[in-house]
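S.K.: Each protein sequence line maps, in turn, to chains A and G. Sequential numbering of the first sequence, starting at 1, is according to our numbering. Sequential numbering of the second sequence, starting at 1, is according to our numbering.
Hints in this document: simulated from the structure, not taken from any laboratory. Any given hint could turn out to be false.
As the list claims (entries may be wrong) - Okay, derived cross-link-like pairs now, DMTMM-like style, lysine to aspartate or glutamate, Cα gap no bigger than 25 Å in a straight line: (1) A:K56 x A:E158; (2) G:K3 x A:E18; (3) A:K172 x A:E18; (4) G:K174 x G:D69; (5) A:K63 x A:D85; (6) A:K56 x G:D78.
As the list claims (entries may be wrong) - Facing chain G, according to a computed beta carbon distance under 10 Å, are these residues of chain A, among others: (7) Q54; (8) W87; (9) L132.
Given the structure is predicted, the values throughout are model-derived calculations rather than measurements. All C-beta atoms in this analysis are idealised placements derived from N, C-alpha and C, irrespective of residue type, glycine included.
What follows is the residue order along each chain.
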Amino acid sequence: MDQNQQQDTAHRPVKRKEMTRRQFLSYTLGGAGAFMAGGAILPMIRFAVDPLLQPKQQGNFVKVIEESKVTNEPQQVDFKVHQVDGWYESDPKLQAWITKGDDGTIFALSPICKHLGCTIGKYGKEIPNQYLCPCHGARYDKNGKTLAVAPRSLDEYEVKTDNGWVYLGPLKPNSRVK
Amino acid sequence: MLKGMYNWIDERLDITPMWRDIADHEVPEHVNPAHHFSAFVYCFGGLTFFITVIQILSGMFLTMYYVPDIINAYYSVDYLQHQVAFGQIVRGMHHWGASLVIVMMFLHTLRVFFTGSYKAPREMNWVVGMLIFFVMLGLGFTGYLLPWDNKAYFATKVGLEIAGSVPYLGEYIKILMNGGTIVGAQTLTRFFAIHVFFLPGALLTLLAAHFFMIRKQGISGPL
Ligand code: HEM
Ligand code: FES
């Protein structure tokens, strides 16, 4: 190594592994900006998605009919449940088709069609021994088993009997048909 | 990866010149607080816009729960503030922001006034700024009624009495703003519509004009 070369090395700028000024500034400004934007926007997003994170309302059992009045011919019962919908509380009316099965157990079908949610008509009114939905012609038998159009059978209310009265609770999938 | 996506789009649409035209301009020394700290007064315009963005965002989110109806308005505000997660924060942003935006706008106006920036060729931007000022006052006034509590009701009554005191036309103005003869159901829906559709629309249009003129004319020179 001659003298010239040596000098050359000494004067070459030292190469350090560090970020450039431009990089440093964009990271800090970007970071601070993202922090501020996040601070403003995240609360709003959490606010908007709150309904997704609320626990489901628990249904109570409601007294609907005397046990002795339930026959093996489906009967319509109307009952009210208390509903809290945000700031609006109401007691909407629900409907059930309540029947004593061949096995002697009392069951109550939801009238909400499992096709797309219309309300089915009276048992046996249009078609003997069937429920018919007026919207797209879904049909169900006495146990709520789907016969046409709808992909699933009618839901059932949970049923409790106490002291000669029938009580209906939350909905569950049909347990009488497979 | 982001860079890759950007390049992919840029190759096809050549978007770089568009944002460069908007973002790439020199900040003169006399408005840069890093050079003279007192230049922070030039930030008030940007801060006003920042809070306006917060107002628009938080307002949009509030309308997810709010109803403009005299029976339910108060309950919906009570619900969104106390039952919904972060409701207090989101309403708080809108509530305090509404005052802060006026404060910032006022400071911005003072800066423009004392630096003489309203002089030729920027007279039109002073006029647009004044229109923005009145639109902001309108947003504050119409928004104030929306919670439909006592303070809201009486503030609006007072405001409309003042409008009614205009010579000759007062009574007509008052009925028009009331949507009838009392502060009631129709006042609330009317104020709501004005608050969330009409005035924000006017505001955004005016802001666009404001910013367009600033880019065209540049920031005014040093004192
Ligand atoms: C940019 C300027 C705006 C200003 C100055 C403003 C001002 C106000 C004020 C003073 C209130 C009453 C707040 C309270 O008493 O707590 C309010 C309420 C409200 N504003 Fe705005 N607002 C603006 C923009 C918007 C926008 C763009 C929307 C919707 C798209 C909106 C939606 C609402 C709603 C839904 C309420 C009622 C809820 C509440 O009172 O907390 N606001 N606004
Ligand atoms: S909803 Fe009942 S048949 Fe379509």
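S.K.: Please go over all the hints and tell whether each is borne out by the structure.
M.R.: Do the hints match the structure? See the list:
1. Pair hint K56 (chain A) plus E158 (chain A) holds up; C-alpha atoms about 17 Å apart against a cutoff of 25 Å.
2. This hinted pair checks out: K3 (chain G) and E18 (chain A) have alpha carbons roughly 21 Å apart, not beyond 25 Å.
3. Taking the CA atoms of K172 (chain A) and E18 (chain A), the gap is about 64 Å. The hint is violated against a cut of 25 Å.
4. Between K174 (chain G) and D69 (chain G) the alpha-carbon distance is near 20 Å, which keeps this suggested pair within the 25 Å criterion.
5. Restraint check for K63 (chain A) and D85 (chain A): satisfied, since their Cα atoms lie roughly 22 Å apart, inside the 25 Å limit.
6. Note on K56 (chain A) and D78 (chain G): the hinted pairing holds, with a Cα-Cα distance of about 21 Å set against a maximum of 25 Å.
7. Hint status for Q54 (chain A) relative to chain G: holds, with the closest Cβ pair at about 9 Å, below 10 Å.
8. With a least beta-carbon distance of about 4 Å to chain G, the hint placing W87 (chain A) at the interface is held under the 10 Å criterion.
9. With 10 Å as the threshold, the beta carbon of L132 (chain A) stays out of range of chain G, its nearest partner Cβ sitting at about 38 Å, so the hint is violated.
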